[in-house]
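> Work out the full structure: start from the sequences and follow the hints.
Number of protein chains: 2
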Amino acid sequence: MTDLPNDPIERLIALLARTPGMGRRSARRAVLKMLMRPQETMLPLAEALTEAARAVRPCETCGNLDAQSPCGICRDPQRDRHLVCVVEGVADLWALERAHAHRGLYHVLGGVLSPLAGIGPEDLAVGPLLTRIAAGGVEEVIIALPATVDGTATAHYLTDRLRPAGIAVTRLAQGVPLGGALDVLDEGTLAAALRARRPA
Amino acid sequence: MTDLPNDPIERLIALLARTPGMGRRSARRAVLKMLMRPQETMLPLAEALTEAARAVRPCETCGNLDAQSPCGICRDPQRDRHLVCVVEGVADLWALERAHAHRGLYHVLGGVLSPLAGIGPEDLAVGPLLTRIAAGGVEEVIIALPATVDGTATAHYLTDRLRPAGIAVTRLAQGVPLGGALDVLDEGTLAAALRARRPA
Numbered sequence: 001m002t003d004l005p006n007d008p009i010e011r012l013i014a015l016l017a018r019t020p021g022m023g024r025r026s027a028r029r030a031v032l033k034m035l036m037r038p039q040e041t042m043l044p045l046a047e048a049l050t051e052a053a054r055a056v057r058p059c060e061t062c063g064n065l066d067a068q069s070p071c072g073i074c075r076d077p078q079r080d081r082h083l084v085c086v087v088e089g090v091a092d093l094w095a096l097e098r099a100h101a102h103r104g105l106y107h108v109l110g111g112v113l114s115p116l117a118g119i120g121p122e123d124l125a126v127g128p129l130l131t132r133i134a135a136g137g138v139e140e141v142i143i144a145l146p147a148t149v150d151g152t153a154t155a156h157y158l159t160d161r162l163r164p165a166g167i168a169v170t171r172l173a174q175g176v177p178l179g180g181a182l183d184v185l186d187e188g189t190l191a192a193a194l195r196a197r198r199p200a
Numbered sequence: 001m002t003d004l005p006n007d008p009i010e011r012l013i014a015l016l017a018r019t020p021g022m023g024r025r026s027a028r029r030a031v032l033k034m035l036m037r038p039q040e041t042m043l044p045l046a047e048a049l050t051e052a053a054r055a056v057r058p059c060e061t062c063g064n065l066d067a068q069s070p071c072g073i074c075r076d077p078q079r080d081r082h083l084v085c086v087v088e089g090v091a092d093l094w095a096l097e098r099a100h101a102h103r104g105l106y107h108v109l110g111g112v113l114s115p116l117a118g119i120g121p122e123d124l125a126v127g128p129l130l131t132r133i134a135a136g137g138v139e140e141v142i143i144a145l146p147a148t149v150d151g152t153a154t155a156h157y158l159t160d161r162l163r164p165a166g167i168a169v170t171r172l173a174q175g176v177p178l179g180g181a182l183d184v185l186d187e188g189t190l191a192a193a194l195r196a197r198r199p200a
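Same order as they appear, the protein sequences are chains A and B.
According to UniProt numbering, the first sequence is numbered sequentially starting from 1.
According to UniProt numbering, the second sequence is numbered sequentially starting from 1.
You may find that some hints are simply not true.
Partial list, computed: chain A residues near chain B (C-beta under 10 Å) [what the hints assert, rightly or not]:
#1 LEU12
#2 ARG18
#3 ARG28
#4 ALA30
#5 MET34
#6 LEU35
#7 THR41
#8 ALA53
#9 ARG54
#10 GLU88
The set of hints was computed from the structure by calculation and includes no laboratory data.
Just so you know, even glycine gets a beta-carbon here, dropped at the ideal spot from N, CA and C.
Put into structure tokens, the structure is as follows:
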């Protein structure tokens with residue numbers, strides 16, 4: 001690592017400040033607090049970091065991060081193996097898991113297509129997805145990519161590539177978020193919700 | 001530690017979420033980000049935590065936290081040993097150091113007197129301060145305690161206890177903070193600033 005101070009306290013503050021969501025000020029306050037009870041706070045955290053860095057790897061099947069591969073979800077006999085949900089990244093997979101709304105498996109794409117950023121299908125787990133579908137057993141692929149320009153384009157691309165497999169390909173519904181006030185919603189979401197209106 | 005999950009990822013999130021300033025949500029996001037490059041992010045942080053927990057201890061002279069005792073400030077031949085600034089805790093010492101405004105040494109009290117919380121002089125580093133002054137060489141004690149009821153009472157108490165030593169005892173000025181708009185300041189600060197007015 002570059003530019004790290006040698007002093008143990010300053011070094012720890014600098015490293016903790018690199019944690020997403022932490023600034024220098026909050027890192028300093030956290031270190032000071034932890035130094036009051038280092039054995040109870042710092043050592044368990046150090047051990048958990050070391051253990052996670054050692055044990056956690058991407059699942060060879062779906063790309064989820066877990067201490068085992070295939071991951072806990074892919075191994076779970078309770079999950080519906082006919083249903084595969086395609087997500088951009090592990091963060092989205094975890095978010096769906098927290099919602100307890102998907103009973104099938106996942107496939108982490110590792111990004112979305114982006115001609116501007118030079119990200120093509122070969123940079124994403126598109127090939128492994130097609131191989132997985134070709135192996136049989138999957139009846140529906142749910143595309144749960146972000147509702148951005150790149151995400152939508154990627155969804156179209158995947159739909160085209162999956163068509164020959166002759167399975168159902170679906171996408172997440174778009175509309176008004178639960179509890180969402182209409183007057184603060186962007187026009188695109190409002191228009192999409194109106195177009196996709198359903199009988200009351 | 002109680003109630004910690006066994007799964008390495010969940011365990012790390014739970015421990016990181018205990019860090020002051022971090023919530024569960026930010027801990028989860030941070031762990032996910034770090035898991036993308038565990039060798040570069042998690043292992044250095046784990047080592048820094050372990051090293052800090054091992055090396056850092058309170059300075060036997062002033063109570064500052066440092067990897068050496070006496071601490072770097074107490075050892076610094078450039079600091080003015082005639083001047084000792086009394087602070088409530090190490091956080092205040094660090095804040096004063098960042099201001100580069102104090103060229104003397106420090107004394108960390110470890111709290112302030114609080115009859116309600118049952119904190120008396122024997123719970124704070126009052127004895128060590130008097131011993132330090134009695135050893136000679138200190139010409140001025142600057143009391144930099146918080147401007148709260150307990151902080152002010154503690155300042156009065158220390159002033160009384162230090163009087164027999166026959167040295168100067170001073171306190172931080174109270175007034176309008178730099179860049180502070182008058183209309184958002186509390187009345188107490190405004191009144192104090194008015195009482196302590198100086199020739200323009």
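> Against this structure, judge whether each hint is valid.
Hints, verified against the model:
no., hint, result
1, LEU12, "4 Å, holds"
2, ARG18, "7 Å, holds"
3, ARG28, "7 Å, holds"
4, ALA30, "5 Å, holds"
5, MET34, "7 Å, holds"
6, LEU35, "5 Å, holds"
7, THR41, "7 Å, holds"
8, ALA53, "4 Å, holds"
9, ARG54, "8 Å, holds"
10, GLU88, "13 Å, violated"
The earlier numbered hint that this structure contradicts is number 10, and it is the only one.
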